[in-house]
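Chemist: Fit chain B to the supplied structure of chain A, relying on the hints for placement.
If you want the building blocks of each chain, they are given just below.
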Amino acid sequence: MTSTALSVSGLTKRYGARTAVDDLDIELPTGVVAGFVGPNGAGKTTTMAMLLGLVRPTAGSGTVLGASIAEPDAYLSRVGALIESPAFYPALSGAENLAYFATVAGHDPAPIPALLSTVGLEGRGGDRYRSYSLGMKQRLGIAAALLGDPELLILDEPANGLDPQGVREMRALIGQLAGSGRTVLVSSHDLSELEQVCDWLVLIDAGRSLYQGPTRALLDDVTGGLAVQPQRNEDHPVLRDLLQARGHQVDTQEHRLVISVDGADVGDLAASVNQAAFDAGMVLVELSPLRTTLEDRYLSMVNGGSR
Amino acid sequence: MTSIIRAELHRLLRRRTVVITAAAAFAFSAVATLTVFSSAEATGQASRRAGATLASLTGNGGGTEAFAVGASFVGFFVFVTFIALIAGEFSGGTFRAVLLRDPHRLRVIVGKLAGILLVAAGVVALAEVFTFAMSLLVAPTQDVATSSWFSLQSLGDGLRDYATVMSGVAGWAVFGTTLAVIFRSAPLALGVGFAWAGPFENIVVDSWDAGYRFFPGQVLASLIRGGTIELGAGRAVMTAAVYTAVAATVALVLVSRRDVTA
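First to last, the sequence lines map onto chains A and B. To convert, note that position 48 of the first sequence is 54 in this note's numbering; the numbers rise steadily by one, no gaps. To convert, note that position 142 of the second sequence is 122 in this note's numbering; the numbers rise steadily by one, no gaps.
Hints are computed from structural coordinates only; laboratory data are not their basis. Backbone N, C-alpha and C define an ideal beta-carbon position, used for all residues, glycine too. Careful: at least some of the hints might be erroneous.
Reference listing, derived: stretches of chain A covered by chain B, where coverage requires no fewer than 3 residues with Cβ under 8 Å from a Cβ of chain B [as the list claims (entries may be wrong)]:
1. 24 to 35
2. 72 to 82
Residues of chain B placed beyond 10 Å of chain A at every Cβ, according to the derived structure [to be verified]:
3. I(-16)
4. A2
5. E21
6. L34
7. F53
8. V78
9. L80
10. P83
11. E210
12. V222
13. V240
14. T241
Residues from chain B shown here face chain A by an in silico Cβ test under 8 Å; the list is partial [unchecked claim]:
15. H84
16. L86
17. D123
Isolated chain A, as found in the complex (with noise of 0.2 Å):
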């Protein structure tokens, strides 16, 4: 097995005078729930539908599990994928439309009611998928994706227009298809959604890259600042006075104060902050670094041009 599930480099599609995605380069380590993020139309689907030999670049190279894509063959028996929306024939039930996307790549239809089981749809599997709703649909699309057990998952905006408990079952799925190795590549434009899932992230904005890393470096990177607040709202002021005293850049939120960190050290600046509030006789009900959302960093990079 590779130590690189998906590598392009200068991958690039035009459409006329349109560039749709413009010199990506992207490196996927095996093993990873990557989320793959922008905002609608930003590339995303372009860029799959070109690892999955149903678009051409304009220009690049790249490799899926150790293959080039210019030789889609090669790789798509090891990948499941779901791109665009989920596509069924209407007429056919759920398990037969399973059994004939599994017949077409060769694959063994045993496994289909188990991966009906897996993605929730154990006892409507005899049903016409004409009658499913828009989440069944999706979790049929995930289904068919998981034929043949790939080694690489690409999935396209699979909570696209699931209502908010669809998106947190959703979640839970690509969460639990994480835990068994293999390596998943999701699109979304919900930061949030691939926050909570994702150990990886690929941030391409009008086609480009703007970030590849693991989430954490890239949250942990920047802190939106260290929060405190003391028990007695009448120690606010006393307590903001003291620490801009000690050279603190301090802004007032609702009922707490919000320390710049500015470079520092959160836990030191955690530990001092604590220390002076004890030596002026406060007692603080909060002291805890604010993260940086996925949503916060991603519109940062976007607005400051960031790479």
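Modeler: Showing chain B alone in chain A's frame:
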């Protein structure tokens, strides 16, 4: 390609589809037999377009005459059926979904066409058998003798009728598939196909006889009828073969080169 064909057969040969198709074949047989036998003239020149004569029904191959005459009118139905089936694969995204499992585009489109054609071949065979049986029942009521229907020559005539109809069906299928590939939308492809093979060709040939020899729809109609006054069987086969090859090439080039975005 065999896996694509097997999957298509599995998809199409479900009990409900088989029952409906068999019922349609039976209905076709009943209508064709009753129409041909009731309209058969005592004398005259028999043709697939003008209908049968009592003499042609009594002779060798008379048992499948109603099938051959009736089938000569189903070309347009075959055309729109293939447009709807193949264009639906594109607009519904199932063609894309299949390519995620088998990226050989030509193998996929040819396999799908072959699978549907195999089912069509079965339906045509069923219709011929039904029509023969129906003809046996109806013949006595029209004083048509059936003794020569069981000769070896009649068997050969029946097989020839089957091959003629299937060649026409295959031609219409390829043209329908080509339109479906070009437009990738069932309503659009059906609209264009219907307008061209329906009103346009038939209106033009009313005032331009050469159209019978050149328009694809007219050529395929001549082929499925085993030749017509305007276009003989041999030339119909040759012209249809050239047209079908061109249409197939267009479809295959488009499928292999275009991005799959739907």
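Chemist: Are the hints correct? Go through all of them and say.
Modeler: Now for the hints, and whether the structure bears them out:
1. Coverage of the segment 24 to 35 of chain A by chain B is violated in this model, with 0 residues showing a Cβ closer than 8 Å to a Cβ of that chain against a need of three.
2. Counting residues of the segment 72 to 82 of chain A whose C-beta sits closer than 8 Å to any C-beta of chain B gives 3, which meets the bar of three, so the coverage hint holds.
3. Not every C-beta of chain A lies more than 10 Å from that of B/I(-16), the closest at about 6 Å, which undercuts listing it as non-interface.
4. For B/A2, the requirement that its beta carbon stay farther than 10 Å from each beta carbon of chain A is met, with the minimum near 17 Å.
5. With a minimum CB-CB distance of about 44 Å to chain A, B/E21 clears the 10 Å threshold, and the non-interface call stands.
6. The non-interface label for B/L34 is consistent with chain A: the shortest C-beta to C-beta separation is roughly 45 Å, beyond 10 Å.
7. Listed as a non-interface residue, B/F53 keeps its Cβ farther than 10 Å from every Cβ of chain A; the least gap is roughly 28 Å.
8. With a least beta-carbon separation of about 6 Å from chain A, B/V78 fails to lie farther than 10 Å from that chain, contradicting its non-interface assignment.
9. A beta-carbon of chain A comes within 10 Å of the beta-carbon of B/L80; the shortest separation is about 5 Å.
10. The beta carbon of B/P83 is not kept farther than 10 Å from every beta carbon of chain A, the shortest such distance being approximately 4 Å.
11. A cut-off of 10 Å between C-beta atoms confirms that B/E210 is not in contact with chain A; the least separation is 41 Å.
12. Non-interface status of B/V222 relative to chain A is upheld: no Cβ of that chain comes within 10 Å, the nearest being about 31 Å off.
13. For B/V240, the requirement that its beta carbon stay farther than 10 Å from each beta carbon of chain A is not met, with the minimum near 4 Å.
14. Not every Cβ of chain A is farther than 10 Å from the Cβ of B/T241; the closest lies at roughly 7 Å, contradicting the non-interface assignment.
15. The restraint placing B/H84 at the interface with chain A holds, with a minimum CB-CB distance near 6 Å, inside the 8 Å limit.
16. The restraint placing B/L86 at the interface with chain A is violated, with a minimum CB-CB distance near 12 Å, outside the 8 Å limit.
17. Of the supplied interface hints, the one on B/D123 is violated, with its beta-carbon coming no nearer than about 46 Å to a beta-carbon of chain A, more than 8 Å.
The earlier numbered hints that this structure contradicts are 1, 3, 8, 9, 10, 13, 14, 16 and 17.
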